[in-house]
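Please arrange chains Y and V on chain F, whose structure you already have, making use of the hints.
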Amino acid sequence: MAIDIPTAMNSLFPAGTLLLALLMIFAAILHINNLKRVHKLMAVLQHKKEVSKAIFYKEMTVPQGSNFTALALAAWIMLTVAVAYLYLLVPTILPFSYMDIAELASSTLGFAIFGLLVAGLAGAIILFLDKLPEDHRDLRLMELYSFYSITKTMKKTISMTVIALCISVLLSAYIGTIYPAHSQPAEILSLMLLVVSAGVLVMPIYKEAWEARR
Amino acid sequence: MPKWLIIAILALLLVAGLSQAGEVLGGGDSSGGGDSGPSVSTGGGGGGSRQIDIDRLITTVKDGKKSKPAKFEELRTLLWKDPITSEEYEWPTVLMYYKGNNTTVSRNQPLEIITIATNNNPLEMRRMLDLYLEVKNPGSDKYERINSWPEKIQTNEYSEKTNTTLRIWGMLPSFAYLKNVGVVKVRANVSDGVNKWSTASYSGLKPPYYTELVFNVTNSLPAMSDFNVTPSGLVRYNDPIEYKANIADADGDLLNVTLHILDENGVELKNETLNTKPGAVSFKANEYGFFKEADAGKNFTYYYSYDDGIDFISKDPVDALNGPNIRKGPKLSVDKLGFSSTSENYYWWERYGFNVRAKNLNPEEYDVTFTLSTRTGNNEWNTVETKTVRIGPDPVEVNFNDTKPFQVTDAGQTFYYRVKYSEYDQSGKNAMEQTGTRINAKIVPYSIYSPVMFLNLVTMLFLILLGSFFVERKLKKGVESHESASGKAGNKKSKKQESRDKSGGSFAGKVLKMLRRG
Amino acid sequence: MRLCIVGIGGAGGKIAQEFLGNEDLDFQLLSRITDAQYISPGMIQGIWLEADKNDAKNIQHFFGDLNEGCYPCFYIPHDVVADGCEVHRIVREKYGYDVKKQGFVRDAQYLKAIFEIFDTDKEIQAIVAKTMNKEMIESLGGNGANSSKSFSQAPNPIFDSAWNVIRDFTTLGKGECDGILFVVSFGGGTGTGFINPIINHIRNEGKADYPVFALGILTEPGDYADKAQFSKSARRNLAAISAIYDLLTKGSGANGVIIVDNEILLERYGNDYVAANKFIHKMMQPLVAARDYPGEIPPSQAVAQHSSGGLSRPPIFVPLFASLPRSADPEEALIKKALSEEGKLFGCSPEQADFAFVFCRGFIDSEKIRAVLSRETGIAPESIWPSRKMGEGNNEILILLRNPYGCDPKAYLKVGTLENRFCMVISQALQYMSQQPEDLFYEGKQEEKGKTDSKPAEQVRLTELSKQALKMFFFGPDGSGQKSGFVFELREARKRLRDGEKPFFINPLRIFQKVTDVPEEVKKSKGRINGDEDIARIVDQRINEKLIELGLIEELMMG
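Chains as they are written, first to last, in this note's numbering: chain F, 1 to 214; chain Y, 1 to 518; chain V, 1 to 559.
Just so you know, these hints were derived from the structure itself, not from any lab. Check the hints yourself; a few may be wrong.
[Said to hold, decoys possible] Okay, the calculated beta carbon distance ranges per label pair:
# : chain 1 : residue 1 : chain 2 : residue 2 : range
1 : F       : I125      : Y       : T409      : 43 to 49 Å
2 : F       : I55       : Y       : F470      : 26 to 32 Å
3 : V       : D329      : F       : A21       : 37 to 43 Å
4 : Y       : N378      : F       : P185      : 37 to 43 Å
5 : Y       : T409      : F       : A124      : 26 to 32 Å
6 : F       : L139      : Y       : E344      : 25 to 31 Å
7 : F       : K49       : V       : G206      : 37 to 43 Å
8 : Y       : E350      : F       : V196      : 36 to 42 Å
By construction, the Cβ of each residue, glycine as well, lies at the ideal position given by its N, Cα and C atoms.
Isolated chain F (complex conformation) (with noise of 0.2 Å):
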């Protein structure tokens, strides 16, 4: 049977959309079970009824060096930043987009601004879910990685993210100066590139929940 490769070609972007949704939302559901799990067995192991929570974040963390998290938090500020790019540039996908703002498409610094503005709304939300208390130290991204155990290499993988996701950014831009014309091949390998990312990015959460199913 031949594969209509029109066909194929236009399900792989719904198919990398949906991928990259349920990579980042089971990451999140994971990430919290795995501390769960973990605080459970902490009061299991320790015969006690609970184990304070801020106590137990408080040993579980632990520091993965400064170089590392300003790269990481580079990258999950780069990731936002790419999936705007590459969903609300053009309105091929969403019925909204940057497009619509005329003056800012057109003006001489418009794509940084908006691509600014995508990175300080996510610079704010991770500042803001760092100030949360310490029983919900779970949700603060920027401590995301000190609740895991991540090798050298790990680390200077998910610090070249940064790279693919401003190659994701630079096609999705490359999409946006060809509007109303468009690329499939370069939409596709920026997903593909931000699938990839992102799943660099959340892999120590997959990992331990892979381990923890012993």
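This is chains Y and V only, laid out in the frame that chain F set:
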């Protein structure tokens, strides 16, 4: 009073009278029917009174009405009383009545003209009255009847107390119908079917009663103001010249307003009349064809005359006013309207050139202002550029080069362009318009490899990275996320945080404390 | 407990390198922007002490120079003595020892002798005080800061400077480490000569309960490593046993000597020393890593107490290590694996241990650990002290068995026992001393070559004073080694091992005596109080009794 009651009463009286006369109405019926009638007890002989049971009488009459209608009719006929014309019949008094003091009225002033009738005769003697209102207009020597059909005053409409009734003459609400002003007399003629008289026949009356009403009817003069001719200054003969003014009339009469246009020498060239109610008055020159091309270079004056059907004002203002001053100008011939673009892509950010060719069909040269405008879709015209060019008999190319007429919001739409000129062309228009082409839908003016895009992306990425690094530098999450129990600094910090967390407060307070933390 | 890792010598440095790796990404420019700190797993800090300047500066690139502000850093304590300075000259003239000698003779006594020279010789002490002024010593890590302590101490510039650089990492100084782990190789040159003097400083500051451990890799028998170590097997064994002897006989010294047999490491990793070092690092993770169970962070004092409390001499700890993938109820499997041949890192008889630390990493029930280990080894449950940390992929366990030997006269004959191994080492050392006594005085045929150029190293020429002291040290006053001296002590130790006695190293020995010191043959430790060390030991005992009386130790032991 219902008839049957009258009959009953009369019957009663009759019976009472007959009983005194000694006759007895007894039972037995000789005229048919065989029904026994009511029995009436008889009294003793020789002049004694006989009591009649009135209830039985009435009952008998009622029964008689049903069972013996002929007899009943006979009884009714006997009982009917014919109108009695007596020598003591008194003529009803009919007078004119007017409430107001001021009998000087304007033509349109609303009036209430009343005729009052008093009839002291008994009801049965009274006769129906027929009234006619008569008016004597200014300058007329005879009274004219206003109503064709008489106003009837019925015998039973008089007030029981005062025996008076009235008629308001609604058919004479005012004197607006008058063509002249002056004295107007109003009276009423009366007839009771036998006699005829007029309200004017009475004398010695005091207000508010009159034999006849005498009014002094006046007229308000209309007045004009706010004279104006637009546009002011030098105008073309076929510009929308309009004469405006305002006319007022207290009477609210229908007015005739005439505009008189004079030449420089004061000779009237033409006039036009307008029938209008008081208010704004307008004469549009183009509608009436006041001016022609030959009038170029001439100055005109004007005045108004008007009347309200009674009074006539022959010249207002007294000194004619100036206007309009028709200027001389070219007679344009305009063609070859076109446009060009930097590229065939027709991007919104590109520069466009527009051009039109014009010449003066007259031999002179004039400065003509050309205004270029564009629009897309249903938007308003947007002025792009204006230039003044000297136009003579030789064709001149008017170019609007290197313009940037479009914005990003115009992308993807078809544009239209127009050149408006300050004179009229051969077809009498002052603008020429054409449809352009569809503007390319591309919004972003830069390509991905342009320095601008490079700057955008590099700046953005650089700032994001730098921001992240400085956030980490400030927050030290990579170092302090683990507070060791044995670490002194960690203990101090956790104690601080604990003391903050312990202090309670509202939700908003807790949120603020949370944001201040760290 | 956060340990300060002090690697000493070549092997110590390489192992310390594994502990002190940077968790963070190494980008210099980025570090400047983020003001990144150097972070090692478990927030460990440490330093490398080395005597060989060439090794430190040119051969390796992990440690930077402390004097240049680098971290992680190496420090060469001998540099505190300037080349050719009066101290240098006088010591050499009087004793023949060159305090600046690069790459020591593979001889633990060399550094011991130098230490004791500074410790005993008043003339040299006076010269130190006169020529090496206070500020210079302090800036190089000198003794000035400690002068206020109750115990008067002779200025010992080399060891003082070493202590002062270490001190800054500890809670005794400006740092955050509440324990020290020396990492050495037994059989190396630089080796253990530093440890005891540094411990002296710690104890002299009144910190009897400050935990100090030594992790030593015992050189393997045979000539396999001769080339790599630039020294023959027998000599290495002598150096090893000398170093161990000093550590185990110093009362109020280290809280424990954790000993790993390099022979076992060789069997597993061959000549892949990097893999072996990584394994040692991995093995120690349950002890040094972060992520303690909430509320189960062992206080360092408690660790110190449990290690050597109630003992007159530092104990031997034999490590047993096991790592298994995560599973439910892993305790049984972990203990069994650790107790198996695969888990032992030194020959031992687990059932003879009098105490066991069990450092766990993973999701492990401490009660089960206690029960299983007690069942498997016969150690009383109250003598088993589990400590847990949250783990990573695998469950890991590190059991430190205290003094797992003795009570079995035939144990020394069994391969895989501690007695057997020590007897082997002692025998080799004795054989060496009997066969090549001249080497003890550095008068033998020069077999040692310089590490950098493979040319014969410059020979040490001891003075008569030194020789006499050494002779007495090795062979006793009568020179026979039959009644006293190191040779005698080693023979006695071997006898004790064979008889199943513990401890087997009893009497501390000095090369150079203090003026107030009574000769060593008089100083027997059985019931008579002699010397500062005995006093310190008795005082320790008294403190322990008091703590037991107060019930503190019991509470801590039940954990």
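These are the hints, each one checked on the structure:
1. I125/F x T409/Y: 43 to 49 Å: 32 Å, violated
2. I55/F x F470/Y: 26 to 32 Å: Holds, since I55/F and F470/Y (Cβ atoms, about 31 Å apart) stay within the stated range.
3. D329/V x A21/F: 37 to 43 Å: 38 Å, holds
4. N378/Y x P185/F: 37 to 43 Å: Holds, since N378/Y and P185/F (Cβ atoms, about 39 Å apart) stay within the stated range.
5. T409/Y x A124/F: 26 to 32 Å: With Cβ atoms ~31 Å apart, the hint holds.
6. L139/F x E344/Y: 25 to 31 Å: Hint violated: Cβ distance 56 Å, outside 25 to 31 Å.
7. K49/F x G206/V: 37 to 43 Å: 41 Å, holds
8. E350/Y x V196/F: 36 to 42 Å: Distance hint for E350/Y, V196/F holds at roughly 40 Å.
When the structure is compared with the earlier hints, violations turn up for hints 1, 6 and for no others.
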